[in-house]
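Engineer: Protein chains in written order, with the numbering used here: chain A, 1 to 179; chain B, 180 to 358.
By construction, these hints were calculated from the structure, which means they are not laboratory data. Check each hint, because a few of them may be wrong.
Cross-link-like lysine-lysine pairs, in silico, DSS-like; alpha carbons within 30 Å at most [stated by the list, open to error]: (1) B:K348 x A:K106; (2) A:K162 x B:K285; (3) B:K274 x B:K254; (4) B:K254 x B:K243; (5) B:K239 x B:K217; (6) A:K15 x B:K285; (7) B:K194 x A:K106; (8) B:K252 x A:K162; (9) B:K194 x A:K44; (10) B:K285 x A:K60; (11) A:K38 x A:K64; (12) B:K252 x B:K274; (13) B:K223 x B:K194; (14) A:K162 x B:K341; (15) B:K341 x A:K75; (16) B:K194 x A:K60; (17) A:K106 x B:K223.
Number of protein chains: 2
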Amino acid sequence: MIVVLRLGHRPSRDKRVTTHVALTARAFGAQEVWVSTKDAALEKTVESIVTRFGGEFAIKTGMKWREAIRSWKGKVVHLTMYGERLDDVLPSIAKEDLLIVVGAEKVPREVYELADVNVSVGNQPHSEIAALAVLMDRIADDDTLYMNLDGRLTVLPNPRGKTVIDNTKEKGQGRARPR
Amino acid sequence: MIVVLRLGHRPSRDKRVTTHVALTARAFGAQEVWVSTKDAALEKTVESIVTRFGGEFAIKTGMKWREAIRSWKGKVVHLTMYGERLDDVLPSIAKEDLLIVVGAEKVPREVYELADVNVSVGNQPHSEIAALAVLMDRIADDDTLYMNLDGRLTVLPNPRGKTVIDNTKEKGQGRARPR
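This is chain A alone, in the form it adopts within the complex (with noise of 0.2 Å):
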């Protein structure tokens, strides 16, 4: 099981940023986003986006996150720009259940302490969302991305334009909808 742990959250002004960590979460095979600050706008966000392309994905949030941290039962990975390449680290943790923790701008001290591993994403300053991606994505099986959730709507795979197939359509009416 996978669970994301975002901090620091400033509803407004990390709307979009934390919204895109918690579909990034989501897409790349975590089973929630745990969010430290209270936010029932994003809450709604997130999903709207589950309610119509599926999957059990849930957000939380206004989360302790310190008890989050202390409480999970498997590795806490905190992804931050001054931590260990992320080649040393991975083998260590990719059978694992994990809690992956991604700050905003200041992450307290205690969270390097807490954490089993901090991990760097490259010793760049760039993005929570890149550093996010890529490690899940260097820790997911290969169907992961393109896996089926099950939703209202499916995308499929188009060289040239969109097909998004709308499952609640009765057999034979469920199309591609044209653009």
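Following the hints, complete the assembly by docking chain B onto the known chain A.
Structural biologist: Just chain B now, kept in the frame of chain A:
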């Protein structure tokens, strides 16, 4: 050479997400990011990172995207959740000069036509930052993520804290910044 072209940037709304796109492009080995909307503040933010952390990365805003795509000599790869599967496309693009196009919410139909390939990193809605990172990570050499960019500041992998070398200090004075 890899250049990332960001479409549909709205300076107020997309400030942080486009900054993440630009910094991800830089960290994963692109030489430039082009943004279709003029945004001097965004340029300044990205240039400040380059000044501190090194490398030759450039940002250009206010780029005419149609002309940029049409005049590109290598492959044009458009990242979209509607596109072909990444695994299917990767062998044909991995060694080329790439213009990687990432949109904001709504991308003009014309982009799907102008691109050499429309490629998805999963057919689920998530994040153009995540998609960009995974595509570039799959293409990159093993050492790209930890390349030495010869900047004023160098971050070194640290299992439990932060090691930041200030290379402007005299030898012997450059040291890990305590946190």
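Engineer: Now tell me, hint by hint, if it's right for this structure.
Structural biologist: Hints versus structure:
no. : hint            : in the structure
1   : B:K348 x A:K106 : 25 Å, holds
2   : A:K162 x B:K285 : 13 Å, holds
3   : B:K274 x B:K254 : 10 Å, holds
4   : B:K254 x B:K243 : 18 Å, holds
5   : B:K239 x B:K217 : 8 Å, holds
6   : A:K15 x B:K285  : 19 Å, holds
7   : B:K194 x A:K106 : 19 Å, holds
8   : B:K252 x A:K162 : 26 Å, holds
9   : B:K194 x A:K44  : 23 Å, holds
10  : B:K285 x A:K60  : 28 Å, holds
11  : A:K38 x A:K64   : 10 Å, holds
12  : B:K252 x B:K274 : 14 Å, holds
13  : B:K223 x B:K194 : 12 Å, holds
14  : A:K162 x B:K341 : 45 Å, violated
15  : B:K341 x A:K75  : 21 Å, holds
16  : B:K194 x A:K60  : 26 Å, holds
17  : A:K106 x B:K223 : 21 Å, holds
Hint violations for this structure: number 14 only, all remaining hints satisfied.
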